[in-house]
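Trainee: Single-letter residue listing:
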Amino acid sequence: MTDQFEPTIIGFTCNWCSYRASDLAGTARMKYAPNVRLIRLMCSGRLDPTFVLRALSEGADGVMITGCHPGECHYIEQNYKALRRFLLLRRVLTGLGIEPGRVKLVWASAAEGARFASETTTFVEEIRKLGPLNWGKDDDGPQTADDGKSSIVHGQEMEVPA
Amino acid sequence: MTTNGKPKFAMYWAASCGGCEIAVLNTHEKILDVDANFDVVFWPVAMDAKYKDVEAMEDGSILLTLFNGGIRNDENEHLAKLLRQKSKIMVAFGSCACEGCIPGLANLSPVGDIVHTAYNTITTDNPNEIYPRTSYDVPEGELHIPTLAKVLRPLEQVVDVDYFMPGCPPESHQIAAVIDLVIKVVKGEAELPPKGAVIGAGDSTVCDECPRARNVKLIKEFTRIQDIAPVDPDLCLLEQGIPCNGPATRSGCMARCPGVGAQCIGCYGPAEGVMDYGARLITAFSSVIDATEPEEIDRILDGIPDPTGQVYRFNLAGSLLKANRDAWKVK
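Protein chains in written order, with this note's numbering: chain A, 1 to 162; chain B, 1 to 331.
Mixed in with the good hints, there may be bad ones.
Selected chain A positions facing chain B (Cβ under 8 Å, derived; list incomplete) [to be verified]:
| hint | residue |
| --- | --- |
| 1 | Arg46 |
| 2 | Asp48 |
| 3 | Thr50 |
| 4 | Ser57 |
| 5 | Val92 |
| 6 | Gly95 |
| 7 | Arg115 |
Keep in mind the hints are simulated off the structure, nothing from the lab. Beta carbons: idealized from backbone N, C-alpha and C, even for Gly.
Kindly generate the complete structure, drawing on both the sequences and the hints.
Mentor: In structure tokens form, the structure reads like this:
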């Protein structure tokens, strides 16, 4: 065993293309990083941003969303919806202090097992560089008001004049 | 101890603006019903009472406590726990207590920055950079002022809550209806809703009460409401490119803001069944964008300058991520 950080990644795949791409990668015995837990949706358009936030809040270090290539959606144009949600979600996550790179959108057709495998491995490496999301640091207790600025707030020179 | 046989009522504000108190007073003559039917034992904004008076009460002796405000410091937390212990029915009253509201937006900043901003910005006359100390020794003993917590937490994250009453503040007619209900319960004429219920609000969305017409129009840009002149009085604001929080927001206010030409900002919190308010709004806003190329979508999204503040304006502290990495916990 090494001390290398092994990220936990949740992958949302669509039933018609990208899940089949992962299937193909499996049957073709392609090697790729084992860190992704796949959850199959009927379509990437089913991806409620809540799923992503829930995954991050419950311990995932990254989330991979995969769908059919633009123009090839089984439900005509739902992957465009996924794209729009993804782009807005990424902005919101940035505002929350979460690296936008922790969420990735990948298009993969049913024939692209190799692409699925390589994109997964790449993403795992990217998350490994970002490191774990830091969980459980809060003790719920009250914190002094000078948290992080102690030299300014509580220095002796800050004696309150009479 | 009072001997008039009336059930006891308490109201307390923690980290909040005071609007909830005003909303209660805004029930006009209904406030007399409160006095007629309850013995008001603790309500710092309206009457003089000491914390030690509450501490001396028997556990569970207060029938109804309306608790407004989020938990921002150790005094808030102490009072929340104390009133929980002394009360039979604890209501998280108003958006701050339910979901963090505007004070919860401070969870985006470290507490040191908040203190620094409050005491040392260009508009603050503080040349010697004097900051408050949370405890200070004087000849008479140690003085203590409330100490800020790392993050603001909604009431539910600190104590057990029986009911939630959303709104910033809750609408006065809704408050009156809830007061009426509790009085009926006291008289044995009605039953309380199941624990954990949202009271004094609807179970649909603001759009459901909004009189504006909705079509399937797609937009090419988001814009601020003040930059559109004139705003179409009959058409859905979102379809005019104005980010309106109505699609994710709980009904109950009779769509006051969109009804008069201002966008819904989401003060009634997440609608029934919405797990994360911001996520639902991300979906709603995405659905009106008329573009399929990432570059164009990004250009349209530039019209929402602060997407995080927009979709979590009232719900940051109550959201799935609670906005502050330090506050996240593994369940």
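Trainee: Work down the list of hints and note, for each, if the structure agrees.
Mentor: Structure-based check of all given hints:
Contact between Arg46 (chain A) and chain B, as hinted, is not supported at the beta carbon level, the nearest pair being about 11 Å apart and thus beyond 8 Å. Satisfaction of the interface hint for Asp48 (chain A) is found here, the shortest Cβ-Cβ separation to chain B being roughly 6 Å, below the 8 Å cut-off. Contact between Thr50 (chain A) and chain B, as hinted, is supported at the beta carbon level, the nearest pair being about 4 Å apart and thus within 8 Å. The restraint placing Ser57 (chain A) at the interface with chain B holds, with a minimum CB-CB distance near 5 Å, inside the 8 Å limit.
Interface restraint check for Val92 (chain A): the shortest CB-CB distance to chain B comes to about 5 Å, inside 8 Å, so the restraint holds. Interface restraint check for Gly95 (chain A): the shortest CB-CB distance to chain B comes to about 3 Å, inside 8 Å, so the restraint holds. A distance limit of 8 Å between C-beta atoms decides the matter here; for Arg115 (chain A) the minimum to chain B is near 18 Å, and the interface restraint is violated.
Checked against the numbered hints above, the structure breaks hints 1 and 7 and satisfies the rest.
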